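J.: Sequence:
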Amino acid sequence: MSQEKEELFPAIGSIADKKKKELLLPMQENESLCMKCGEQGIARLMLTSIPYLREVIVMSFRCEHCGASNNEIQSAGAIRPEGCFYTTRILSRSDLDRQIVRSATAAIIIPEFQLTLPSSDRGQLTTAEGLIRDIVADLSLDQPLQILGDEEDEDEKAEVKKPSEKDLPMPAFTIKLDDPAGNSWIEFVGSMSDPKWNMRTYPRTLEQNVALGLVAAPDESASVVQGAATLSLDGDDDDDDDVGGGAEGKNEEIYVFPGTCSSCGHPLDTMMKKVNIPYFKDVLIMSTNCDRCGYRDNEVKSGAAISEQGKRMILKVEDSEDLSRDILKSETAGLTIPEIDLVLTHGTLGGRFTRLEGILEQIFSGDSASSSLEASEDRQKFEKFLGDLKDVKSAARPFTLILDDPLANSYIQNLYAPDPDPSMTIESYDRTWEQNEELGLNDMKVEGYGSGEDDGPGDGAVEKG
Numbered sequence: 021m022s023q024e025k026e027e028l029f030p031a032i033g034s035i036a037d038k039k040k041k042e043l044l045l046p047m048q049e050n051e052s053l054c055m056k057c058g059e060q061g062i063a064r065l066m067l068t069s070i071p072y073l074r075e076v077i078v079m080s081f082r083c084e085h086c087g088a089s090n091n092e093i094q095s096a097g098a099i100r101p102e103g104c105f106y107t108t109r110i111l112s113r114s115d116l117d118r119q120i121v122r123s124a125t126a127a128i129i130i131p132e133f134q135l136t137l138p139s140s141d142r143g144q145l146t147t148a149e150g151l152i153r154d155i156v157a158d159l160s161l162d163q164p165l166q167i168l169g170d171e172e173d174e175d176e177k178a179e180v181k182k183p184s185e186k187d188l189p190m191p192a193f194t195i196k197l198d199d200p201a202g203n204s205w206i207e208f209v210g211s212m213s214d215p216k217w218n219m220r221t222y223p224r225t226l227e228q229n230v231a232l233g234l235v236a237a238p239d240e241s242a243s244v245v246q247g248a249a250t251l252s253l254d255g256d257d258d259d260d261d262d263v264g265g266g267a268e269g270k271n272e273e274i275y276v277f278p279g280t281c282s283s284c285g286h287p288l289d290t291m292m293k294k295v296n297i298p299y300f301k302d303v304l305i306m307s308t309n310c311d312r313c314g315y316r317d318n319e320v321k322s323g324a325a326i327s328e329q330g331k332r333m334i335l336k337v338e339d340s341e342d343l344s345r346d347i348l349k350s351e352t353a354g355l356t357i358p359e360i361d362l363v364l365t366h367g368t369l370g371g372r373f374t375r376l377e378g379i380l381e382q383i384f385s386g387d388s389a390s391s392s393l394e395a396s397e398d399r400q401k402f403e404k405f406l407g408d409l410k411d412v413k414s415a416a417r418p419f420t421l422i423l424d425d426p427l428a429n430s431y432i433q434n435l436y437a438p439d440p441d442p443s444m445t446i447e448s449y450d451r452t453w454e455q456n457e458e459l460g461l462n463d464m465k466v467e468g469y470g471s472g473e474d475d476g477p478g479d480g481a482v483e484k485g
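As numbered in the working numbering, the sequence shown has no gaps in its residue numbers, which increase by one up to the final residue, 485.
Hints may contain errors.
Derived pair list, reagent style EDC-like, types lysine to aspartate or glutamate, alpha-carbon separation capped at 16 Å [to be verified]:
1) 56 x 84
2) 410 x 339
3) 404 x 214
4) 410 x 214
5) 294 x 319
6) 301 x 328
7) 413 x 338
Keep in mind the hints are simulated off the structure, nothing from the lab. As the structure is a prediction and not an experimental result, all values here were calculated from the model.
Make the full structure from the sequences, and use the hints.
T.: Right, here's the structure in full:
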């Protein structure tokens, strides 16, 4: 007889029954005032442990008089040293059963619905389906009553049989959970190699530590100095612009430009710094952070002249050591991984200065891989693509990374510099007329523009890089 496999994520109700029988973790019951009807209800508290997370306190309340009920969850341990960010793709109805532990400091994002749930005053233990139902219920509060039609219209509608929820196609969507305290969790299926599930940790920013009460808020002058120090290449919390110590020029001046937040309209400052990348060229790193709404944006621009030729870099990734290579992907570069049929067109993801692992992480958790698929066959292909992408992201299989930049403003770190890298091939090529037209170079005139002569399209000189 095969041994029954231990269930990693048992239902909380079954845990409560088991612990109550074993008398190891007794469940406490107390009378509590119902805020809906004013009668006395029953509040239950239980200490339990969630696998791969930690000990938590589950609290539930139910009023037998009016039927009101709710539940919440609190961490029973200390705040973790790093924040956590979870991404899960909901592609089928079975994915709606995934358990979600959302602490009071966690925010939830569903990009397909353009929906963001900020941190609340209480934690929550639910499932993906329960989360969606709570969102629908909250959005339905205080809505005007539905306008009723004539009796004839109602009779005609009654004759039409409504399809059940199981018969209706379920739109695919993504759930992202961001918790600076690191006390939240989304269930994976089978193992942590679940292709629809991803988790990463990140160091908290000063503002997040202040919000969590871990450090005292600095005065205004100190925060300006701190902002200038942290801008030196880590302007956000997801390692998108982490250079990893590979850049020079850290003592150069940081320029500050006043502007307006594109999200909330409040005044903010954009900071810019020039950085030299060894064996490459100068780049400009720009960081914009809004203290009012939390909007963040980081861009990398070339600080050198336009190159006469484009550049194509081909990297053979053999192991996890290659994932630590610094990579600069400019806003004009395209990225391809032929082994998994991944193609990012020129301009996708914008300009990024990060590690190879970081850019693969952003591809996985970002919106570049759309999950709005309807056909079951397409969903199966997409699920396989996610599994292949996760293998690539962890270097579980060798793959080829092709970075193609018509302006030659992109860069992959050479681990053998100044000698050639045996795992990387760099090709230079002449841009086509169509590429120059798309980049606006055909009409660019940088020589003789004061003489009154008209060189016409395609005759504009481009300064050599």
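J.: Could you tell me which of the numbered hints above are not met by this structure, giving the numbers in increasing order?
T.: Result: no hint breaks.
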